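Visitor: Chains L and U, in that order, give the protein sequences. Going left to right, the first sequence walks through residues 1281 to 1446 as this note's numbering numbers them. Going left to right, the second sequence walks through residues 11 to 376 as this note's numbering numbers them.
To be clear about the criterion: a stretch of chain L counts as covered by chain U if any three or more of its residues have a C-beta under 8 Å from a C-beta of chain U, and this derived list gives those stretches:
1) 1283 to 1290
2) 1302 to 1309
3) 1316 to 1326
4) 1334 to 1347
5) 1424 to 1435
To be clear, the hints were calculated from the coordinates, so they are not data collected in a lab. What you are looking at is a predicted structure, and each value in this text was computed from that prediction instead of being measured. Using N, Cα and C, we set each Cβ at its ideal position, and we do this for glycine too.
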Amino acid sequence: MTGSQKILLSGGLALAILGMAYGLWYALVDEHPTLERMGVSLASAFAEVAKGEMGQARESLKIYGETRFEYVREVHIHGHLVALSTLLLILGLYFNQLAFSERIRLYLASLLLFGTAVLPLGSLLEIFLTGPVPKAVALLGAVSVIGGLGAVAVGFLRSAERSRRD
Amino acid sequence: MSRHANTREFTDLLTAADPARLFIIGGMFLVIAGMIFGDLYAIFILHPNISNIGREMGAAVAAAAAGDPAAVFSHFGAVGNFLENAGTKKDAHVHIIHAGYLAFVLAFLQPWVALGKGHKILLAKAFLWAAVVLPVAIFLIHYVGLVYSPLQSIGWASIFADLSGLVLIIVLAVELVGMWRYMRGNGDRVRSVFLLGGRNSRALLAGGIALVLVGFLFGAYYACIHLEEHECRDLIILADLMEQAYARESAALDQGLAAYGGLQGERGVMIAAHAHVIELGLLALMMAIVQPYVFLSRTWRRRLVWMMLGGSVVLPIAIYSEIRYGLLAGGVADFAGLMVILALFGMLIGVLRHTGKVDAEEGEES
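Extracted from the complex, chain L is given alone in its bound form (with noise of 0.2 Å):
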């Protein structure tokens, strides 16, 4: 196992193990409370509608608003996290194989990781932050990953070439 490998393959398996975790949490104690909250402030807005409150109804569904933004990035993290942890590891086990040296390796291998782990944090941080900072680290996040595959699939094709001129 080279040190790249081992970056992808603990790194993504330590990701995999965080994202599960969160996934685990997430329907323990907020998930049920968050549908709930979703699905009653929707009803209630109409509900009072129905009344002619419509002011109060406006409240219920910027309540509705807020909740489903936050529901929609909580599921984000989740699947995000999972799903990059499983690149990554997959990943992992033919690294050793790219067209490139070691150092340009643990570059990538870094590289990749860093994205996999910021991608997610930035739609945590959409939850608890408003302005540009969110969006920025998840962009981050997405341009790392973006660009890792992108070389890696350059590595891939050298090597490929390679072994078709031995």
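Fit chain U to the given chain L structure using the hints.
Guide: Below, chain U alone, put in the same frame as chain L:
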């Protein structure tokens, strides 16, 4: 091992006593089961459910316009029920496939996990049992509800789903500890090189990376351009519906409901296309490693690889085309899904044949 060109570097993980065999075969069964379930979900539940939700939503808005708050709550209760029905089935589909993917990965990690063979087999069995219980429990959440539940908001099905999730986490944590022990010099130093030199493996590798990259780029495009716009539009349409219900403008209500349904469809299709292209890319990447274990003729291996890649390309495109072509594109997506399932099933047969061959060779040697 005469079929493998680079036998000097090939480590056969599918010997009878190896936990990797359990993980690979179990993982393939899980992914196939998850995909079949996904196809059935798309055909029999997803589309009828969308029309049920639309109908109840329309009735709820009409009840608001008629000044009947009790009926509003009743119709929104039905909407919630339909959403839970579809949501738990989608979750079951996603979780069974992801558990299968993790089983695959764990199979190939086994040479680097410094634990006793007995412990590794026990972990593999625990993982696969939990991977079966988790989606079954999620599926049952809608039907079991809170019957005999000791908790206020979580039913027995959810409790079993959470417990099986916990088992999966514990297994992964123990495997991580085993890997850490290996990195510190414990365990056998097995030279584990996965062969990717064959044309089939290379095709799956290239196709898999391309699919995952396209999926990531599409996801980034969706997140930058559509995610917040969809969320804003959702609230604007709902606010308009409330105003129209208050003013009892029934013609405008119909238009608003159609716009709301259209938005939900657009959002659902974009997210599904993004998720499916990545999932299928990951599957292709994993199948690239499995190729040396697919004991079939060269022609059949090639056919299965192209069938898998063809289905993997067509499926997300067809899902995305549902915005414009509706059920016709949905049918093409279901067919493409079937292509991937059949290809995977064919590869599973090849892997099972390989294990039979290994067992026969081991029997002869002993």
